[in-house]
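Quick note on my numbering: the sequence shown kicks off at 23 and runs consecutively.
One or more of the hints may lead you astray.
Claimed, not checked - Here are the in silico distance ranges between beta carbons for each label pair:
hint: 1; residue 1: Asp132; residue 2: Thr81; range: 39 to 49 Å
hint: 2; residue 1: Thr81; residue 2: Ser109; range: 13 to 23 Å
hint: 3; residue 1: Leu200; residue 2: Val116; range: 23 to 33 Å
hint: 4; residue 1: Glu83; residue 2: Ser198; range: 41 to 51 Å
hint: 5; residue 1: Ser170; residue 2: Trp197; range: 29 to 39 Å
hint: 6; residue 1: Arg201; residue 2: Arg40; range: 28 to 38 Å
hint: 7; residue 1: Gly77; residue 2: Arg207; range: 51 to 61 Å
hint: 8; residue 1: Ala47; residue 2: Pro157; range: 35 to 45 Å
hint: 9; residue 1: Trp175; residue 2: Asp209; range: 41 to 51 Å
What the hints assert, rightly or not - Within a straight-line C-alpha distance of at most 20 Å, the following computed SDA-like cross-link-like pairs (lysine to any residue) qualify:
hint: 10; residue 1: Lys131; residue 2: Leu200
hint: 11; residue 1: Lys91; residue 2: Ser163
hint: 12; residue 1: Lys91; residue 2: Phe180
hint: 13; residue 1: Lys95; residue 2: Pro105
hint: 14; residue 1: Lys133; residue 2: Arg201
hint: 15; residue 1: Lys95; residue 2: Glu67
hint: 16; residue 1: Lys91; residue 2: Phe155
hint: 17; residue 1: Lys91; residue 2: Val176
hint: 18; residue 1: Lys131; residue 2: Ser46
hint: 19; residue 1: Lys95; residue 2: Pro164
hint: 20; residue 1: Lys91; residue 2: Leu174
hint: 21; residue 1: Lys91; residue 2: Gly77
hint: 22; residue 1: Lys131; residue 2: Ser199
hint: 23; residue 1: Lys91; residue 2: Pro69
hint: 24; residue 1: Lys95; residue 2: Asn167
hint: 25; residue 1: Lys131; residue 2: Leu192
None of these hints come from the bench; they were simulated from the model.
On a predicted model such as this, the values are computed, not experimentally measured, just so you know.
For glycine and all other residues, C-beta sits at the position ideal for the given N, C-alpha and C.
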Amino acid sequence: MSEACSIQVLAAVWLTHRCGGRSSAEDRWILLWFFYDVIVHLTLEGPFVYMSLVGTVETSEGPLAELWKEYSKADRRWLVSDPTIVSIEILTVVLDSLLALLLIHAVLKDKYYRHFLQISLSVCELYGGWMTFCPDWLIGSPNLNTSSRLYLWVYLVFFNGVWVLVPVLLLVQSWSSLRRLHTFRLDEYRKQM
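Using the sequences and the hints given, assemble the complete structure.
Have a look at this one:
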């Protein structure tokens with residue numbers, strides 16, 4: 023699992039370095055996240071969706087099936103193609119990947135719609151995280167294995183927490199940028215009066 027994560031991070035770093043060289047330091051960090059986001063959605067979650075639509079992770083074979091079987095030790099819904107999880111992941115793979123790709127373009131080309139997309143993607147990511155865990159919490163978390171530090175703190179908290187922390191930070195960054203723009207426009211308007 024750590025090897026796959028390392029390769030994904032290195033690919034995102036390489037893409038950020040290659041494409042985002044002229045961007046501000048803040049935007050390079052944001053681009054790094056968007057590249058990583060797309061890579062994870064397409065290379066990990068995309069295959070999960072495919073395995074779940076043609077069978078289950080449990081009945082699948084190969085390195086990605088093994089990776090998901092390992093993760094399912096912490097959350098067994100991923101092993102058996104739970105309809106809620108698969109539905110969220112279909113939306114994530116298609117919509118979130120598309121939004122992140124559009125956002126990469128918007129950041130690199132300084133497009134006017136950047137923060138609209140950034141807010142939309144952040145809300146989608148937060149909603150996906152909420153809908154992944156809240157239904158299970160409401161029935162007493164029967165599918166979550168928190169008996170192991172690895173399963174609880176690494177698989178459940180860290181791997182899923184990143185998709186909460188970063189979208190919250192992106193929402194704050196969008197809020198600040200939109201606020202600065204509004205203040206600038208107000209100042210310009212007042213100067214004209």
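Verification of the hints:
no.	hint	verdict
1	Asp132 with Thr81: 39 to 49 Å	47 Å, holds
2	Thr81 with Ser109: 13 to 23 Å	20 Å, holds
3	Leu200 with Val116: 23 to 33 Å	27 Å, holds
4	Glu83 with Ser198: 41 to 51 Å	47 Å, holds
5	Ser170 with Trp197: 29 to 39 Å	38 Å, holds
6	Arg201 with Arg40: 28 to 38 Å	32 Å, holds
7	Gly77 with Arg207: 51 to 61 Å	55 Å, holds
8	Ala47 with Pro157: 35 to 45 Å	39 Å, holds
9	Trp175 with Asp209: 41 to 51 Å	47 Å, holds
10	Lys131 with Leu200	17 Å, holds
11	Lys91 with Ser163	19 Å, holds
12	Lys91 with Phe180	18 Å, holds
13	Lys95 with Pro105	18 Å, holds
14	Lys133 with Arg201	17 Å, holds
15	Lys95 with Glu67	17 Å, holds
16	Lys91 with Phe155	18 Å, holds
17	Lys91 with Val176	15 Å, holds
18	Lys131 with Ser46	12 Å, holds
19	Lys95 with Pro164	12 Å, holds
20	Lys91 with Leu174	16 Å, holds
21	Lys91 with Gly77	14 Å, holds
22	Lys131 with Ser199	16 Å, holds
23	Lys91 with Pro69	13 Å, holds
24	Lys95 with Asn167	7 Å, holds
25	Lys131 with Leu192	18 Å, holds
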